[in-house]
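2 protein chains.
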Amino acid sequence: MKFVIIGGDAAGMSAASRAKRRAPELEVIVFEQTQDVSYSACGMPYNLADPTRPMDDLVVRPARVFREKQNIDLRTGHRVERINREGKTVSGTTAEGKAFKVGYDKLLIATGASPIKPPIDGADLPGVMYLKLLEDGRRIKAFIKENNVTKVVIIGMGYIALEMCEALRERNVDVAMVKPRPVFLPWMHPELAARVRSEVESHGVELYPGYEIKAIHQGNGVLKVTCKGIDLEAQMVLTAVGVKPNSELTEQAGLELGPSRAIAVDRQLRTSDPDIYAAGDCADAFHIVTGERTWVPLALRANRAGWAVADNVLGTNVELEGIAGTAVFKVFKLQVARTGLNLRQAEEAGFEPAEIVIKSRSRAHAHPGAKSILVNMVGDRKSGRLLGVQMVGEEGVAHRINAAAVALHARMTVEEFSQCDLAYAPPFSPVWDPLLTAANQLLKQL
Amino acid sequence: MKFVIIGGDAAGMSAASRAKRRAPELEVIVFEQTQDVSYSACGMPYNLADPTRPMDDLVVRPARVFREKQNIDLRTGHRVERINREGKTVSGTTAEGKAFKVGYDKLLIATGASPIKPPIDGADLPGVMYLKLLEDGRRIKAFIKENNVTKVVIIGMGYIALEMCEALRERNVDVAMVKPRPVFLPWMHPELAARVRSEVESHGVELYPGYEIKAIHQGNGVLKVTCKGIDLEAQMVLTAVGVKPNSELTEQAGLELGPSRAIAVDRQLRTSDPDIYAAGDCADAFHIVTGERTWVPLALRANRAGWAVADNVLGTNVELEGIAGTAVFKVFKLQVARTGLNLRQAEEAGFEPAEIVIKSRSRAHAHPGAKSILVNMVGDRKSGRLLGVQMVGEEGVAHRINAAAVALHARMTVEEFSQCDLAYAPPFSPVWDPLLTAANQLLKQL
Numbered sequence: 001m002k003f004v005i006i007g008g009d010a011a012g013m014s015a016a017s018r019a020k021r022r023a024p025e026l027e028v029i030v031f032e033q034t035q036d037v038s039y040s041a042c043g044m045p046y047n048l049a050d051p052t053r054p055m056d057d058l059v060v061r062p063a064r065v066f067r068e069k070q071n072i073d074l075r076t077g078h079r080v081e082r083i084n085r086e087g088k089t090v091s092g093t094t095a096e097g098k099a100f101k102v103g104y105d106k107l108l109i110a111t112g113a114s115p116i117k118p119p120i121d122g123a124d125l126p127g128v129m130y131l132k133l134l135e136d137g138r139r140i141k142a143f144i145k146e147n148n149v150t151k152v153v154i155i156g157m158g159y160i161a162l163e164m165c166e167a168l169r170e171r172n173v174d175v176a177m178v179k180p181r182p183v184f185l186p187w188m189h190p191e192l193a194a195r196v197r198s199e200v201e202s203h204g205v206e207l208y209p210g211y212e213i214k215a216i217h218q219g220n221g222v223l224k225v226t227c228k229g230i231d232l233e234a235q236m237v238l239t240a241v242g243v244k245p246n247s248e249l250t251e252q253a254g255l256e257l258g259p260s261r262a263i264a265v266d267r268q269l270r271t272s273d274p275d276i277y278a279a280g281d282c283a284d285a286f287h288i289v290t291g292e293r294t295w296v297p298l299a300l301r302a303n304r305a306g307w308a309v310a311d312n313v314l315g316t317n318v319e320l321e322g323i324a325g326t327a328v329f330k331v332f333k334l335q336v337a338r339t340g341l342n343l344r345q346a347e348e349a350g351f352e353p354a355e356i357v358i359k360s361r362s363r364a365h366a367h368p369g370a371k372s373i374l375v376n377m378v379g380d381r382k383s384g385r386l387l388g389v390q391m392v393g394e395e396g397v398a399h400r401i402n403a404a405a406v407a408l409h410a411r412m413t414v415e416e417f418s419q420c421d422l423a424y425a426p427p428f429s430p431v432w433d434p435l436l437t438a439a440n441q442l443l444k445q446l
Numbered sequence: 447m448k449f450v451i452i453g454g455d456a457a458g459m460s461a462a463s464r465a466k467r468r469a470p471e472l473e474v475i476v477f478e479q480t481q482d483v484s485y486s487a488c489g490m491p492y493n494l495a496d497p498t499r500p501m502d503d504l505v506v507r508p509a510r511v512f513r514e515k516q517n518i519d520l521r522t523g524h525r526v527e528r529i530n531r532e533g534k535t536v537s538g539t540t541a542e543g544k545a546f547k548v549g550y551d552k553l554l555i556a557t558g559a560s561p562i563k564p565p566i567d568g569a570d571l572p573g574v575m576y577l578k579l580l581e582d583g584r585r586i587k588a589f590i591k592e593n594n595v596t597k598v599v600i601i602g603m604g605y606i607a608l609e610m611c612e613a614l615r616e617r618n619v620d621v622a623m624v625k626p627r628p629v630f631l632p633w634m635h636p637e638l639a640a641r642v643r644s645e646v647e648s649h650g651v652e653l654y655p656g657y658e659i660k661a662i663h664q665g666n667g668v669l670k671v672t673c674k675g676i677d678l679e680a681q682m683v684l685t686a687v688g689v690k691p692n693s694e695l696t697e698q699a700g701l702e703l704g705p706s707r708a709i710a711v712d713r714q715l716r717t718s719d720p721d722i723y724a725a726g727d728c729a730d731a732f733h734i735v736t737g738e739r740t741w742v743p744l745a746l747r748a749n750r751a752g753w754a755v756a757d758n759v760l761g762t763n764v765e766l767e768g769i770a771g772t773a774v775f776k777v778f779k780l781q782v783a784r785t786g787l788n789l790r791q792a793e794e795a796g797f798e799p800a801e802i803v804i805k806s807r808s809r810a811h812a813h814p815g816a817k818s819i820l821v822n823m824v825g826d827r828k829s830g831r832l833l834g835v836q837m838v839g840e841e842g843v844a845h846r847i848n849a850a851a852v853a854l855h856a857r858m859t860v861e862e863f864s865q866c867d868l869a870y871a872p873p874f875s876p877v878w879d880p881l882l883t884a885a886n887q888l889l890k891q892l
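Chains as they are written, first to last, in the numbering used here: chain U, 1 to 446; chain B, 447 to 892.
Since the hints were made in silico from the structure, they are not lab data. One thing to keep in mind: the hints can contain errors.
Said to hold, decoys possible - Label-pair restraints from in silico Cβ distances:
| no. | chain 1 | residue 1 | chain 2 | residue 2 | range |
| --- | --- | --- | --- | --- | --- |
| 1 | U | E146 | B | R827 | 55 to 61 angstroms |
| 2 | U | D121 | B | K890 | 54 to 60 angstroms |
| 3 | U | T93 | B | K890 | 38 to 44 angstroms |
| 4 | U | P368 | B | R507 | 15 to 21 angstroms |
| 5 | B | K890 | U | E256 | 33 to 39 angstroms |
| 6 | U | P368 | B | R827 | 44 to 50 angstroms |
| 7 | U | G242 | B | K890 | 34 to 40 angstroms |
| 8 | U | G242 | B | G688 | 52 to 58 angstroms |
| 9 | B | E798 | U | G103 | 46 to 52 angstroms |
| 10 | B | E798 | U | D50 | 45 to 51 angstroms |
| 11 | U | P24 | B | R827 | 25 to 31 angstroms |
| 12 | U | R267 | B | R531 | 56 to 62 angstroms |
| 13 | B | E473 | U | E292 | 49 to 55 angstroms |
| 14 | U | S202 | B | R507 | 31 to 37 angstroms |
For glycine and all other residues, C-beta sits at the position ideal for the given N, C-alpha and C.
Turn these sequences into a full structure, and let the hints guide you.
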């Protein structure tokens, strides 16, 4: 049997490796359009923060190892341009311009996502950067060094924009951030978002939410970002306004798409063609709270889905339950985490949600060094179910969110969650963990 | 109605406060034999570490506030010596030697636990200390200062002994620890225990497990701890060999006792007398994994049980599901955490357990500053259920254990747990959280 994979990052290489490990006789061919496979894309902002580290530190396993040790037919510089479902072939062009065509028995589409390019004049100027591929990271790092960049404008204020902002400030680069929508972190409860905003501003970052971007111009070695109401100058512009799934190839092949035009897959990661799977940032997933399809491109799901595809191709029949949308990021001293639904999402999903925000501490009463933790918790008035949690704080947030994520997987009520036996010791928590305090307060609203 | 409470620490004062908040007209009388109420006993080692902090920093709410703001009839210096169930009275003696007797409609026994005194000669010598009450903490702190203590022998190697060891080393006091049993942290997987032991020893602490203690002698201002095979000298000896529930009063009243002679209570915290409740370190609880009675005296349960008793006294009928035995402590740079059952406990409870130990990292591949994390995970071969987790590491352990604790409350299988959507960002975790890596490995054994 021939298992063909389009895309050599997290989902694709996880699937290839697992398939070969489980079935060494299986022919596994991976087509990757770049020269890079299996790297930690999420690590790029942290790598960029340190001028002494080569970007290639982020490569988890080089192509050579996949080829030589794992016997995977990994073809880098191969861009797949067409899937022929009737003939069960994929075809495309190599980096050298040579056409190729290969047949498959089972196909995995793991084409990932791409940064959204804002439709403005000047978005293609040299010095206007995007961060997605390892090659993007290398390019940005080289550009900063060669041009001795001291001032950057970031278009966008999402978590990648914020991570990049921190990385640049660490290198003492001045940063201004601008975006058209007026609300900072719109998915977040306003009290928590305000805490994040004040942390960012306290590090000398200029924030301009609510400024429509008109164009980017170049002149005298300076880029000018012209917005409605303000002009911002910098040596480099980073565009981080979100990503979109790479699903064009899939759509052309007549396969179904789901939310945000991600590739629709069932719990076994099968597309609408039973011989074709999709996994990673290009594919959708079921949300464990709503039961509905959703698109949340994150690394754990990509790896997990890659494994599941390998198992299913080999006939094990693995079903993935779904995702909770659990995510965490660091911005300067703050840890910011979420899982499940926020109030608006809960309303849209048909729940009758109530929410609270509490302020607690990261350590016990009278324990030195305690930091404040804000918790937003959402529950359903009808069923009593826990629906979502957001947290912000300087310590004790990143891993604490996982307790709430597990509770969502278990479909716990807020009351059941409030009864959980969580860990307490003075250096790590108040007696009542901030999550329990939040649950106790939310219970009064339900 | 008259609600009488014996004991004014976590469980007793939680019950008193909640009862008065919910029903201001209720008469609430609390008898506390010491002068201290509502303090953070777990904070004592950390307070002792800092010679500049007064021990009374640990008082969460002084007696005056309970009396004046909350209108609780709080009688400190009142030792209850008898419960008369027929007459529904409690009686005893005040610190001034005056007899007292009071009737009750509902009674809460919240008498806590006491340190076990080893039955050896010299256990009562001046300079031989126990740590349980705030008064014990004050005494130890004063003794160290007045005698300029530079060398301490700790009898015992449990978590309080280890926390005290760290506190003393922080003050540059030399510490030797000794205990009769040969195994260091016997409840812990040997690989994890070895990691803790090496951390303790790396801080210049002498460990003597497996040395039976014969007697303590005093001479020339020095205490000599005579053991089988070795003599240890110090200016102060701290005995920390565990605690026992204060259940004598309860037993004399003819009420049932449970494991470890803790007071047996049902899920509503009622003793075998429906008008008498027990809560806190003196009472037992149901273990959510085994369903059996267990005795794990910890602060969160005490507070939670205090609240539940108040609700039940006021007719709300609250049932506590039980405890997972979740606990965490810090020893030098290490965080040490557990929840649920270890392999031996799982066998004793009738499961067919399998276990694994994995070594993972606290941060992503190539992220600077990553520390190793050891995870021990136990599951049941028959049902596939997750039974328990232990973790050791320099960061990312204390709160991570809560995800496993919630999974135990939800009776998740290891497979269900392995599918949970846990948070990932390079500064906080590998893509596969150490708990997920452990679950994936354990699945292969089940």
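Checked hints:
Range check, U:E146 to B:R827: Cβ separation about 60 angstroms, and the 55 to 61 angstroms hint holds. As the Cβ distance of U:D121 to B:K890 is approximately 56 angstroms, the hint placing it in 54 to 60 angstroms holds. Against the hinted window of 38 to 44 angstroms, the Cβ-Cβ separation of U:T93 and B:K890 comes to about 42 angstroms, which satisfies the hint. The hinted range of 15 to 21 angstroms is satisfied by U:P368 and B:R507, whose Cβ atoms lie roughly 20 angstroms apart.
The beta-carbon spacing between B:K890 and U:E256, approximately 35 angstroms, falls within the hinted interval of 33 to 39 angstroms. Hint check: U:P368 to B:R827, Cβ distance near 46 angstroms, so the stated range 44 to 50 angstroms holds. Range check, U:G242 to B:K890: about 39 angstroms between beta-carbon atoms, so the 34 to 40 angstroms window is met. The given range of 52 to 58 angstroms is respected by U:G242 and B:G688, whose C-beta atoms sit roughly 56 angstroms from each other.
With their beta carbons about 47 angstroms apart, B:E798 and U:G103 fall inside the hinted range of 46 to 52 angstroms. Here the CB-CB span from B:E798 to U:D50 is close to 49 angstroms, well matched to the stated 45 to 51 angstroms. Checked against the hint of 25 to 31 angstroms, the pair U:P24 and B:R827 passes, with Cβ atoms roughly 28 angstroms apart. With their beta carbons about 59 angstroms apart, U:R267 and B:R531 fall inside the hinted range of 56 to 62 angstroms.
For B:E473 and U:E292, the Cβ-Cβ distance of about 54 angstroms falls inside the hinted range of 49 to 55 angstroms, so the restraint holds. For the pair U:S202 and B:R507, the supplied restraint of 31 to 37 angstroms holds, since their beta-carbon distance comes to about 34 angstroms.
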